[in-house]
Amino acid sequence: MIEVEGLYYSYSNDNNFAVKDVSFEVAEGEIFGFLGPSGAGKSTTQGILTGLLQLQKGDASVAGYDIKNISREMFNKIGMSFEQSNVYSKMTAKENLSFYSKLFDVETRDPIELINLVGLKGKENMRAGEFSKGMKHRLTFARSMINNPTMWFLDEPTTGLDPAIAADIKDIIREHNNKGVTVFLTTHNMYIADELCDRVAFIIDGEIKLVDSPKNLKLQYGKKMVDVEYTQDGNIKKETFSTILQEDKDLLNQIITDKEILTMHTKEATLEEIFIKVTGRGLV
Amino acid sequence: MKLLSSFKKELILASRGFYFYVELIFAFVILAVLLFAIPQNFSSTSTEYLYFNLPQQGREIFTDIILEDDLDGESEMVEVEAGGKTFNAELIETDEEEIYIVDSEEAVRMLAKTYRNIGAVIELNNDNQLHYKYYLQGYESARLKNLISILNNESTDVLIERIENQEVRPLSTDYEPLNDRENTIPPLIAFSGSLMGMFVMVSYIFLDKKEGVIEAYAVTASSVWRYLMSKIFVVLLTSIVSGIIIIMPIMGFRINYGLILLLLLTTGFFASSLGLLIASFYNNLTKAFGAVYLIIILMMIPSIAYFIPGWDPFWIKIIPSYPMLQGFKEIILPNGAVAYPLIVSAGFLAVGIILFAITNIRFKKTLSV
Numbered sequence: 001m002i003e004v005e006g007l008y009y010s011y012s013n014d015n016n017f018a019v020k021d022v023s024f025e026v027a028e029g030e031i032f033g034f035l036g037p038s039g040a041g042k043s044t045t046q047g048i049l050t051g052l053l054q055l056q057k058g059d060a061s062v063a064g065y066d067i068k069n070i071s072r073e074m075f076n077k078i079g080m081s082f083e084q085s086n087v088y089s090k091m092t093a094k095e096n097l098s099f100y101s102k103l104f105d106v107e108t109r110d111p112i113e114l115i116n117l118v119g120l121k122g123k124e125n126m127r128a129g130e131f132s133k134g135m136k137h138r139l140t141f142a143r144s145m146i147n148n149p150t151m152w153f154l155d156e157p158t159t160g161l162d163p164a165i166a167a168d169i170k171d172i173i174r175e176h177n178n179k180g181v182t183v184f185l186t187t188h189n190m191y192i193a194d195e196l197c198d199r200v201a202f203i204i205d206g207e208i209k210l211v212d213s214p215k216n217l218k219l220q221y222g223k224k225m226v227d228v229e230y231t232q233d234g235n236i237k238k239e240t241f242s243t244i245l246q247e248d249k250d251l252l253n254q255i256i257t258d259k260e261i262l263t264m265h266t267k268e269a270t271l272e273e274i275f276i277k278v279t280g281r282g283l284v
Numbered sequence: 285m286k287l288l289s290s291f292k293k294e295l296i297l298a299s300r301g302f303y304f305y306v307e308l309i310f311a312f313v314i315l316a317v318l319l320f321a322i323p324q325n326f327s328s329t330s331t332e333y334l335y336f337n338l339p340q341q342g343r344e345i346f347t348d349i350i351l352e353d354d355l356d357g358e359s360e361m362v363e364v365e366a367g368g369k370t371f372n373a374e375l376i377e378t379d380e381e382e383i384y385i386v387d388s389e390e391a392v393r394m395l396a397k398t399y400r401n402i403g404a405v406i407e408l409n410n411d412n413q414l415h416y417k418y419y420l421q422g423y424e425s426a427r428l429k430n431l432i433s434i435l436n437n438e439s440t441d442v443l444i445e446r447i448e449n450q451e452v453r454p455l456s457t458d459y460e461p462l463n464d465r466e467n468t469i470p471p472l473i474a475f476s477g478s479l480m481g482m483f484v485m486v487s488y489i490f491l492d493k494k495e496g497v498i499e500a501y502a503v504t505a506s507s508v509w510r511y512l513m514s515k516i517f518v519v520l521l522t523s524i525v526s527g528i529i530i531i532m533p534i535m536g537f538r539i540n541y542g543l544i545l546l547l548l549l550t551t552g553f554f555a556s557s558l559g560l561l562i563a564s565f566y567n568n569l570t571k572a573f574g575a576v577y578l579i580i581i582l583m584m585i586p587s588i589a590y591f592i593p594g595w596d597p598f599w600i601k602i603i604p605s606y607p608m609l610q611g612f613k614e615i616i617l618p619n620g621a622v623a624y625p626l627i628v629s630a631g632f633l634a635v636g637i638i639l640f641a642i643t644n645i646r647f648k649k650t651l652s653v
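Chains A and B supply the protein sequences, listed in that same order.
Following our numbering, the numbering of the first sequence begins with 1 at its first residue and continues without gaps.
Following our numbering, the numbering of the second sequence begins with 285 at its first residue and continues without gaps.
Everything labelled a hint here was simulated from the structure, so no lab data went into it.
C-beta: ideal position from N, C-alpha, C; glycine also.
Worth double-checking, as some hints may not be accurate.
Restraint-style ranges between C-beta atoms, simulated for each label pair [said to hold, decoys possible]:
1. B/Tyr541 x A/Asp168: 55 to 61 angstroms
2. A/Gly29 x B/Lys494: 36 to 42 angstroms
3. B/Thr570 x A/Tyr11: 19 to 25 angstroms
4. A/Tyr11 x B/Gly574: 39 to 45 angstroms
5. A/Met126 x B/Thr570: 26 to 32 angstroms
6. A/Asn178 x B/Lys494: 44 to 50 angstroms
7. A/Met126 x B/Tyr541: 52 to 58 angstroms
8. B/Gly574 x A/Lys133: 52 to 58 angstroms
9. A/Gly29 x B/Lys292: 56 to 62 angstroms
Calculated cross-link-like contacts (lysine-lysine; reagent style BS3-like; alpha-carbon spacing at most 27 angstroms) [stated by the list, open to error]:
10. A/Lys94 x B/Lys649
11. A/Lys133 x B/Lys417
12. A/Lys68 x B/Lys493
13. B/Lys493 x A/Lys133
14. A/Lys57 x B/Lys292
15. B/Lys648 x B/Lys494
16. B/Lys648 x A/Lys20
17. A/Lys102 x B/Lys369
18. B/Lys493 x A/Lys94
Covered by chain B, per the in silico footprint, the following chain A stretches (three or more residues, Cβ under 8 angstroms) [said to hold, decoys possible]:
19. 14-24
20. 64-77
21. 115-125
22. 131-137
Chain A on its own, in the form it takes in the complex (with noise of 0.2 angstroms):
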């Protein structure tokens, strides 16, 4: 559903790219996360993917086409949920949403079925300028969904929502997955991702470090992840180390060795802790 094959993107239009040799494919019916901290090169990818910024260096394809000449038939296949709600605030959410059912080639959702899948029943009347932000990156959600697209981009769609609404929005990405839609889902939030997605790829600094599945992500360092609580100078201290990796295995025997050990658990690795282990750097 998505190839991409090194891709470069400059803002300053020199050697300064925001994302550098990217390459990586999407199957149909895939839900692909791709994770990284802010800046990392995330939207930027998914910018030039969703024809947003012009495609610079590389090639890349979405739906079949080619991106370099982006055809307007595309968007009839494509859906779009930003991170930021970007809905007209002098209209209602019922007038938002008719607006751009009318801008499709294809047999469009009902906007008030849209405006009660997300939540947002009885509300339909409503100015979205009179929306909580909460409220419009729902009806922001709403939207990418008008056009019964089958490649799918998600930019942080749970951002700033309670975690009952998030889970219902998790529940109707699963539900469009269910039915073979392809999800690409930009997220700097693992536990979604952990959720969601059946493959992720780690990118910092433009960069693609990792692409695999949560769970091979988790059998190659999962359980081989030591908790150990250990007292040094008379304080108690806890620390994580991997059994795989040769620096963590010499600091674990040095500890063995040297300190009073309280505790030591071996645990599976969460879907952060390895973003953290493979990129030596946090999501924030």
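We have chain A; now place chain B onto it with these hints.
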């Protein structure tokens, strides 16, 4: 269909916004100014103070000659105050002048000084010849001073002969000038229609940029040009409505409204496209305002030339608002040329299309995530 939907959406947004009503209110304000503040013809009468320091017979000859041009053939005795004093004067009103004949040189001097008008004392010199003394304000042109000098030094017979021998050939025999109120319409229409349209267009774009809706539009199956064109349609609509609000009550049905609509549409299209192009270079209204302000100032320069017929340098004719003004003037002139507004419309349409094409490319390139 997509363009129509976008246009409907823009109409909804405009009707719930601020700028749409600003334009219409502005048009009504202009109309009120035209109807109640600008007279059909500005008063061009001048005031003069004369003292004939002559024998009674000579004074009567001069007074009778002036009185021949009086509106009702009779003078009026009035009192005029100046410098804390009250002076008696004989007032003679003609089409072009109010002439106060006073009875002392002091009165002439005081009145000329107080009311900043020309005064003159006509008297006999030692050779028993007429002598003219003028009280000027100091800012009169050299031409006027020369003229006064010639009038009083050349023989009257020579002057009359030269005037009579001047050949005057009218370039157009069926030319009917506009009255002052009608003559004020073209610059106001150009300003309220086109220049306001440009400013409003820039404002519309930045409202959308602020809300991020341009990106949302860009990921639909509709093209960016439709988004831009729908905005232009709204600006054109308000431009036409505000133009008609100003023109119709003044001109009635005496003018060709087809031509007016055509010129309003093409100049509005040009100005809107220019506004869009400016907006494509900036991220917010504050940053764009400098460029918009400069262009508006530049576009207003031909309005100055419009009201000063003697000042019409070539470079002014290159400024787009110059043909805009002249085009509107030709349309409302009773015997104006039809070809000129048509040519001007074609020009603005062509330039507007070029600007729009450039703008479309720029908007496609500058959409950010």
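Tested hints:
no.	hint	verdict
1	B/Tyr541 x A/Asp168: 55 to 61 angstroms	holds, 57 angstroms
2	A/Gly29 x B/Lys494: 36 to 42 angstroms	holds, 37 angstroms
3	B/Thr570 x A/Tyr11: 19 to 25 angstroms	holds, 22 angstroms
4	A/Tyr11 x B/Gly574: 39 to 45 angstroms	violated, 24 angstroms
5	A/Met126 x B/Thr570: 26 to 32 angstroms	holds, 31 angstroms
6	A/Asn178 x B/Lys494: 44 to 50 angstroms	violated, 38 angstroms
7	A/Met126 x B/Tyr541: 52 to 58 angstroms	violated, 42 angstroms
8	B/Gly574 x A/Lys133: 52 to 58 angstroms	violated, 33 angstroms
9	A/Gly29 x B/Lys292: 56 to 62 angstroms	violated, 37 angstroms
10	A/Lys94 x B/Lys649	violated, 31 angstroms
11	A/Lys133 x B/Lys417	violated, 83 angstroms
12	A/Lys68 x B/Lys493	holds, 25 angstroms
13	B/Lys493 x A/Lys133	holds, 18 angstroms
14	A/Lys57 x B/Lys292	violated, 39 angstroms
15	B/Lys648 x B/Lys494	holds, 17 angstroms
16	B/Lys648 x A/Lys20	holds, 23 angstroms
17	A/Lys102 x B/Lys369	violated, 81 angstroms
18	B/Lys493 x A/Lys94	holds, 21 angstroms
19	14-24	violated (count 0)
20	64-77	holds (count 4)
21	115-125	violated (count 0)
22	131-137	violated (count 0)
Consistency note: the structure conflicts with the earlier hints numbered 4, 6, 7, 8, 9, 10, 11, 14, 17, 19, 21, 22.
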